[in-house]
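One line per chain: the protein sequences are A and B, in this order. Number 224 in this note's numbering belongs to position 224 of the first sequence; there are no gaps in the numbering. Number 34 in this note's numbering belongs to position 34 of the second sequence; there are no gaps in the numbering.
It is worth saying that the hints were derived from the structure and are not from the lab. Heads up, the beta-carbon is just placed ideally off N, CA and C, and yes, glycines get one too. Please note that the accuracy of each hint is not assured.
What the hints assert, rightly or not - Only some residues are given here: those of chain A computed to face chain B with a beta carbon under 8 angstroms:
#1 Tyr109
#2 Phe111
#3 Asp205
#4 Val272
#5 Leu286
As the list claims (entries may be wrong) - Straight-line Cα separation of at most 20 angstroms, SDA-like style, residue types lysine to any residue; simulated pairs:
#6 Lys46(B) with Pro77(A)
#7 Lys7(B) with Glu21(A)
#8 Lys46(B) with Glu296(A)
#9 Lys7(B) with Phe10(A)
#10 Lys309(A) with Lys187(A)
#11 Lys187(A) with Asp148(A)
#12 Lys7(B) with Arg297(A)
#13 Lys309(A) with Gly129(A)
#14 Lys46(B) with Val272(A)
#15 Lys232(A) with Ala107(A)
#16 Lys7(B) with Ser292(A)
#17 Lys46(B) with Phe291(A)
#18 Lys46(B) with Val211(A)
#19 Lys46(B) with Glu256(A)
#20 Lys197(A) with Glu21(A)
#21 Lys46(B) with Lys232(A)
#22 Lys7(B) with Glu256(A)
#23 Lys7(B) with Ala284(A)
#24 Lys46(B) with Ala267(A)
#25 Lys7(B) with Lys187(A)
#26 Lys232(A) with Asn45(A)
#27 Lys216(A) with Thr70(A)
Read off the chains here:
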Amino acid sequence: MTSRAIISEFVIQPGTGKAIELLKGQILRIEQIEGGQCADFNCFNLHDYKEFMHCGRTRTVHGFHPSTGTFMWSAPPRERAMLYILEDTVGRNDVLFPRCSAYVYEASYGFSVHTNCHDIQAEAQREYGLTPDDVHDSFNLFMCTGVDQDGHAFMTRQTTKPGDHVDLLALMDVLAVPNVCGADVMKTSNFALKPLKLTVFAAADADLAKVPNVPKLASQRTPKDFRNPAIKSDRPLRRDPAYRAEFPNTPIVITELPISLEPDELAMFNAVKRTDIYGDDDAAALRDLLFSWWEERFLQAHAGAPSIKSK
Amino acid sequence: MAETIVKLRLNQQQLELMDRTIAQGVAPDRVSLVRLALREYAAARKADPVTETAR
């Protein structure tokens, strides 16, 4: 690795977090000091806080444990790559669990006050004028999780050591907000709260060269494309009497397409059609077959996730 | 034996996807595309009969 210039360094103590202006081309390293500590992470477009990192989109593209070579994506309709995970010495992060909250510790453990990631994030973000409602779903660094057979997410202990780190390269100017996870009565951080080291570097050319190109598409919309670009400034919701619905591609219109099947085609169809789902509705079964085939032959991503291959 | 007619019911977005696929040269028209899908889909399952069990 070519040497990187250090721009700033911080240590975040247990129970705290830090909002950091991370400019495009800078790297935030989140590093274990003692080992065994989970870091929760939020991220906002520095120039428009309404664009923020979206764990849902990130996990559909990269799975439940994004690591080196993956991106953190912003929420629809922006859907831009905000950060690139340039290096991850552990390879075990989580985008399944939400941030822990005061409610969790009160409801499950009886604490009237307890360190928790929501309130820590909110306090760190307050430095930039954000409110507790602005804290978003957390990317959980170093958190060891999975899904059990009955469909529940579980967490277990981690094996991180001093010096283990994740390097996040900013692909746009962001407010990056890591915090020391407040969970000391769960396995998340091996039942202890420890400090974490943060270092901001200027990326070297070799770092920037590692970032794959991602598509830039018309569907990645910004406020200039919104019918209502103004941020609502009060809390109650009131109906706009001037509202006229403009849903895209509506009305949905059905067209019939007759398909004549030769006896051999009918035999093929009968052998593979999904009667378990469609019963004797052959039209629905053939439609399913058509688009299932299309997915298998042409889709370049997991179903439901955007392709991130550049054209 | 007589042909069997299956009347697919497709909306404009589904037809658009079919037409863009046809424009790539995959098949000459919508009916041919459906027939191609049927043949390839069935052939894939004949070669690998467990493919469909999980989805």
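Status of each hint after checking the structure:
Contact between Tyr109(A) and chain B, as hinted, is not supported at the beta carbon level, the nearest pair being about 39 angstroms apart and thus beyond 8 angstroms. Against a cut-off of 8 angstroms between C-beta atoms, the interface hint on Phe111(A) is violated, since the closest Cβ of chain B lies about 43 angstroms away. Proximity of Asp205(A) to chain B is violated relative to the hint, the smallest CB-CB distance being about 38 angstroms (cut-off 8 angstroms). Evaluation of the Val272(A) hint against chain B yields a held restraint, the C-beta minimum of about 5 angstroms falling below 8 angstroms.
Of the supplied interface hints, the one on Leu286(A) holds, with its beta-carbon coming within about 5 angstroms of a beta-carbon of chain B, less than 8 angstroms. The straight-line distance between the Cα atoms of Lys46(B) and Pro77(A) is roughly 41 angstroms, outside the 20 angstroms bound, and the hint therefore fails. Straight-line distance between C-alpha atoms of Lys7(B) and Glu21(A) comes to about 58 angstroms, which puts the hinted pair past the 20 angstroms bound. A threshold of 20 angstroms between alpha carbons decides the hint, and for Lys46(B) with Glu296(A) the separation of about 15 angstroms falls inside it, so the pair holds.
Taking the CA atoms of Lys7(B) and Phe10(A), the gap is about 66 angstroms. The hint is violated against a cut of 20 angstroms. Taking the CA atoms of Lys309(A) and Lys187(A), the gap is about 37 angstroms. The hint is violated against a cut of 20 angstroms. As the CA atoms of Lys187(A) and Asp148(A) are separated by approximately 16 angstroms, the hinted pair is consistent with the 20 angstroms bound. At roughly 23 angstroms between alpha-carbon atoms, Lys7(B) and Arg297(A) are farther apart than 20 angstroms, so this suggested pair is violated.
For the hint pairing Lys309(A) with Gly129(A), the CA-to-CA distance comes to about 36 angstroms; that exceeds 20 angstroms, so the pair is violated. At most 20 angstroms may separate the alpha-carbon atoms for a hinted pair to count; Lys46(B) and Val272(A) meet this at roughly 9 angstroms. Straight-line distance between C-alpha atoms of Lys232(A) and Ala107(A) comes to about 32 angstroms, which puts the hinted pair past the 20 angstroms bound. Under the criterion of a C-alpha separation no larger than 20 angstroms, the hint pairing Lys7(B) with Ser292(A) is consistent with the structure, at around 18 angstroms.
Restraint check for Lys46(B) and Phe291(A): the C-alpha separation of about 18 angstroms stays at or below 20 angstroms, so the hint holds. Straight-line distance between C-alpha atoms of Lys46(B) and Val211(A) comes to about 41 angstroms, which puts the hinted pair past the 20 angstroms bound. Of the supplied pair hints, the one linking Lys46(B) and Glu256(A) is violated, its CA atoms being roughly 29 angstroms apart against a limit of 20 angstroms. Of the supplied pair hints, the one linking Lys197(A) and Glu21(A) holds, its CA atoms being roughly 16 angstroms apart against a limit of 20 angstroms.
Taken as a hint, the Lys46(B) and Lys232(A) pair is broken in the structure, with Cα atoms around 57 angstroms apart against an allowance of 20 angstroms. Among the hinted pairs, Lys7(B) with Glu256(A) is consistent with the structure: their alpha-carbon atoms are about 6 angstroms apart, no more than 20 angstroms. For the hint pairing Lys7(B) with Ala284(A), the CA-to-CA distance comes to about 9 angstroms; that is within 20 angstroms, so the pair holds. Using a Cα cut-off of 20 angstroms, the hinted pair Lys46(B) and Ala267(A) holds, with the two alpha carbons roughly 12 angstroms apart.
Proposed proximity of Lys7(B) and Lys187(A) is contradicted: the alpha carbons are some 56 angstroms apart, above 20 angstroms. Of the supplied pair hints, the one linking Lys232(A) and Asn45(A) holds, its CA atoms being roughly 18 angstroms apart against a limit of 20 angstroms. Between the alpha carbons of Lys216(A) and Thr70(A) the distance comes to roughly 17 angstroms, so the proposed pair stays at or under 20 angstroms and holds.
The structure is inconsistent with the numbered hints 1, 2, 3, 6, 7, 9, 10, 12, 13, 15, 18, 19, 21, 25, although it conforms to all the rest.
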